[in-house]
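Construct the entire structure; sequences and hints are all you get.
4 protein chains.
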Amino acid sequence: MKFKVTSELSYQFNSPGTLILNIHALRTPDQTVLEELHQVEPYFKSQELVSAHAENRFIRIEIDTPSPIHIKYEALIENATAFIPASELYEVQVKDMDALVLSYLNPSRYCQSDKLYRLANNMFGYIDGAFNKVLALTDWIYYNVEYLSGSTNSQTSAYDTVTEQAGVCRDFAHLGIALCRALTIPARYFTGYSYKLSPPDFHACFEAYLGGKWIIFDATKLCPLNGLVKIATGRDAADTAIASIFGDVLFTSIQVGCEIADENFVPFQYDKADLKGLAYL
Amino acid sequence: MKFKVTSELSYQFNSPGTLILNIHALRTPDQTVLEELHQVEPYFKSQELVSAHAENRFIRIEIDTPSPIHIKYEALIENATAFIPASELYEVQVKDMDALVLSYLNPSRYCQSDKLYRLANNMFGYIDGAFNKVLALTDWIYYNVEYLSGSTNSQTSAYDTVTEQAGVCRDFAHLGIALCRALTIPARYFTGYSYKLSPPDFHACFEAYLGGKWIIFDATKLCPLNGLVKIATGRDAADTAIASIFGDVLFTSIQVGCEIADENFVPFQYDKADLKGLAYL
Amino acid sequence: MKFKVTSELSYQFNSPGTLILNIHALRTPDQTVLEELHQVEPYFKSQELVSAHAENRFIRIEIDTPSPIHIKYEALIENATAFIPASELYEVQVKDMDALVLSYLNPSRYCQSDKLYRLANNMFGYIDGAFNKVLALTDWIYYNVEYLSGSTNSQTSAYDTVTEQAGVCRDFAHLGIALCRALTIPARYFTGYSYKLSPPDFHACFEAYLGGKWIIFDATKLCPLNGLVKIATGRDAADTAIASIFGDVLFTSIQVGCEIADENFVPFQYDKADLKGLAYL
Amino acid sequence: MKFKVTSELSYQFNSPGTLILNIHALRTPDQTVLEELHQVEPYFKSQELVSAHAENRFIRIEIDTPSPIHIKYEALIENATAFIPASELYEVQVKDMDALVLSYLNPSRYCQSDKLYRLANNMFGYIDGAFNKVLALTDWIYYNVEYLSGSTNSQTSAYDTVTEQAGVCRDFAHLGIALCRALTIPARYFTGYSYKLSPPDFHACFEAYLGGKWIIFDATKLCPLNGLVKIATGRDAADTAIASIFGDVLFTSIQVGCEIADENFVPFQYDKADLKGLAYL
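Protein chains in written order, with full-length UniProt numbering: chain A, 1 to 281; chain B, 1 to 281; chain C, 1 to 281; chain D, 1 to 281.
Just so you know, these hints were derived from the structure itself, not from any lab. Do not take every clue at face value.
Keeping only pairs whose Cα atoms sit at most 20 Å apart, straight-line, the calculated PhoX-like set for lysine-lysine is [claimed, not checked]:
| id | chain 1 | residue 1 | chain 2 | residue 2 |
| --- | --- | --- | --- | --- |
| 1 | A | 45 | A | 2 |
| 2 | A | 4 | A | 45 |
| 3 | B | 221 | B | 196 |
| 4 | D | 196 | D | 95 |
| 5 | D | 276 | D | 221 |
| 6 | A | 2 | A | 272 |
| 7 | A | 45 | B | 196 |
| 8 | C | 4 | C | 95 |
| 9 | B | 221 | B | 272 |
| 10 | D | 95 | C | 45 |
| 11 | B | 196 | A | 95 |
| 12 | C | 95 | D | 45 |
Next comes the structure, spelled out in structure tokens:
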């Protein structure tokens, strides 16, 4: 599937500082950046960094003098997603996980799975099969957590959301991840551009490790699961912040877009009548 | 310096399960494992895993049948530490950090630096020089947090400790790390064997990134800074747990030892009269 | 019903100090203290205080010199409980509550009902009738929270327990109260002596305000609901601490007893087949 | 001193419901309500309630049909304040407090003094004299906590504020109270109308129990200490909410005013050069 994605961000730097942006589409074996435009106005020195496991790709901009700054990113992306039969999405045993996958069982800043062990097992432990467990917890979040803009902030974590039951996509993802990890299912945060997200914005959801693959889940159910362009994966939002800002800076505006550049897009959601998993490779 | 380290751990597995231990001395350019003995009784399949950045080295044991299990580790280690003149321990700018170092600015499960920004800057922001800042916050922890066995548990975090002001080495390290990150100084958790720790146990302290090097700090001031053998570094205790246990398991006993196998060991602590940093390479 | 209750507590005062005990059976219209013995050894000046709404009765002991101290309390109590038909346990409207009852809708230290509003309403809001709601939430706590001695401490609150799902009687009561208040049902903490509690100790449960009466609930289901002698009611454990200690003091021992001094005691628990509420008057 | 206070609040009730307002000036021995106007438009049944210790006086309005509602309160108040010499503001011993005063040592929803014991004693325990301790902690809050509208919400507590160091008057008061209680100084929340508050709004500050009197403190230092009209005192904001709303309700507007109706008002703040306490009787 081909996507055309755009984002524009503006800041006012009142002091020299550094801006790290995590808005570029990730390059993976199956996500190809066909065309890409990255503009910074006025000109400041920019540098691309790639994290250890090539899980995100970020741009660091060095603002050496107070200035407004405007960043524009446009890209044409082709990505492949794969449908995996439910029967192959078995629970991977701890003894069979590699070191990187194991690290996605650890609790993290916004996903305190260590505090949710009993809750997760009381609620979902009895369910047969790891894929069914993740589907069930995703549904539980969807039905119980109210999507409410402005109800949470950048410090809100899964431990809060499981009780307060309101939040935005970031909070839905953190809670899904924390519940998975508490059930000994590795899970990681996914940020991306999302087709049909309304109002348009960056989106966050999560991937769970099932049958040796990272399967995508979105407890908000706001957009088609196959309408995503991956920006980054990481332990949680701490690893994948859209923008990290150092200096005396005012955020002034944001605009995000994601269009499908192909015909015949068929929106996909999980459907118990015909169950299969979806993976971004 | 040469060290002889030992640890013995016993568990009772009431079900099949998996045990992941993080008790082996790390192999680094300057920490050499001269001899090493690793025994598991009775025999179960074991496998060594190394994390992405070679920051820890762990052993996974697959217990396929209920059983008591006894692990014994003994090693002869030679490590080098370097003294770095205080004048070289300048504050590294965000624009000069690589992707891995940048990740140690992120808040993590037990080090919620995002919540401590104002506090850290109110308390230590005015101090001149990054090395002095870290020394000052280490002293503040030492003077204000009471070392009190049993006062905290595996869920206690820096956010708790900054207020409750009691804890053990793990809590002292988490608070040190969180304060550093809130001051835009990358910091990471360090677990190791420690000479002269009383009662003998695994030890935790932290490293701050100063002048392009990871400098060691220990807010407990319980042992000489140059009497450590590194087991692992990571974001916090979530990355470097001594033991991760999967299954129905009872912990039964632990014994830890660390002796210096060299003569002429001169215990080292930071001393304002003759200031220099210490790094484990 | 007649009860013989006893408690003995010992402390070591290493400095002069004050000890406030909340271990005396409350005097209410229907709970009569037939006989009572209160001994303090060695002699220190003691004073009885009664709280504003006669909801607790406490003894303040002024230890003016370092000393061990041993307190013994024995009493013969007669109390009446009333069975109220389920049909009379209607939901009282906010417009019909007096000022004191209204105060039991407020969040308190250990019962942060303001944080549980959505959760409580998602879980129990659909249930018909206030009595059924409280029975349902009591059952939910009983089935999901593990009774685990030592799993919590004096700072643990309902907000923790709803997620961590382990605790002792105090935690079960706090969670019950917080859920009730979040459902706009006034609820208060109840401490008392309990017949058949094993091991013997002080007990905590809660009362919900239904049909204009305070109905007793115990999510631990450890003892018969009609086997209690009331010591105090209050917003939560902060108001009704068994002992409040001021000074440099070591707690050394406790012993609690509660026997029925009548024949023909018929243990009572709520039973959906024959539903009625129980009130301590 | 005479004050003219006004407040106007508007709500939209989308369902029948109940509104409890705590905006009336309290009647105390030394605060006289000379004239008072209370209007509800359209007409709904209203009832005045007074809490147990006459610490607040609230109006309950029963909205029996969906409607907008507009409340207007105007009053002419005469109150007396007393200056108490610093020498009389001694620390009251626990053995000399009555039951009501003792209850203001308990931790409460937003003032978790039990968690701040070590911190408060580390920071202020060494200071000589209870009045000086409270002045010092008030100053510490003033200098370290940033007054930042919108930085906190109705769930923010002293435990958050002590670390996050931003908030509004309510948060400043909660932290002051929690620190006092942790130092065994009874303290309570004070809501009122405040002269010279900008922008005009209800104000919150706190009283500490010194020398047998309730002395006023305001860590925001936004207004003169002698320019207040007391609405209520209580354990914290949970007891003294300006408005408690039951039903499907939208808050639409608020307007608050407080003018001095006397000449020769001399604004008063604590001044170390001429130290005396101020009490609202």
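The hints, checked one at a time:
1. Using a Cα cut-off of 20 Å, the hinted pair residue 45(A) and residue 2(A) is violated, with the two alpha carbons roughly 30 Å apart.
2. The hinted pair formed by residue 4(A) and residue 45(A) fails the criterion: a straight-line CA distance of about 26 Å is larger than 20 Å.
3. With a C-alpha separation of about 11 Å, the suggested pairing of residue 221(B) with residue 196(B) holds against the 20 Å cut-off.
4. Under the criterion of a C-alpha separation no larger than 20 Å, the hint pairing residue 196(D) with residue 95(D) is inconsistent with the structure, at around 40 Å.
5. Our distance criterion of 20 Å between C-alpha atoms is met by residue 276(D) and residue 221(D), whose separation comes to about 16 Å.
6. Between the alpha carbons of residue 2(A) and residue 272(A) the distance comes to roughly 28 Å, so the proposed pair goes past 20 Å and is violated.
7. Proximity of residue 45(A) to residue 196(B) is assessed by CA-CA distance (about 50 Å); at most 20 Å being required, the pair is judged violated.
8. The straight-line distance between the Cα atoms of residue 4(C) and residue 95(C) is roughly 41 Å, outside the 20 Å bound, and the hint therefore fails.
9. Under the criterion of a C-alpha separation no larger than 20 Å, the hint pairing residue 221(B) with residue 272(B) is consistent with the structure, at around 15 Å.
10. Between residue 95(D) and residue 45(C) the alpha-carbon distance is near 10 Å, which keeps this suggested pair within the 20 Å criterion.
11. The suggested pairing of residue 196(B) with residue 95(A) is violated, with an alpha-carbon distance near 36 Å, which exceeds 20 Å.
12. For the hint pairing residue 95(C) with residue 45(D), the CA-to-CA distance comes to about 10 Å; that is within 20 Å, so the pair holds.
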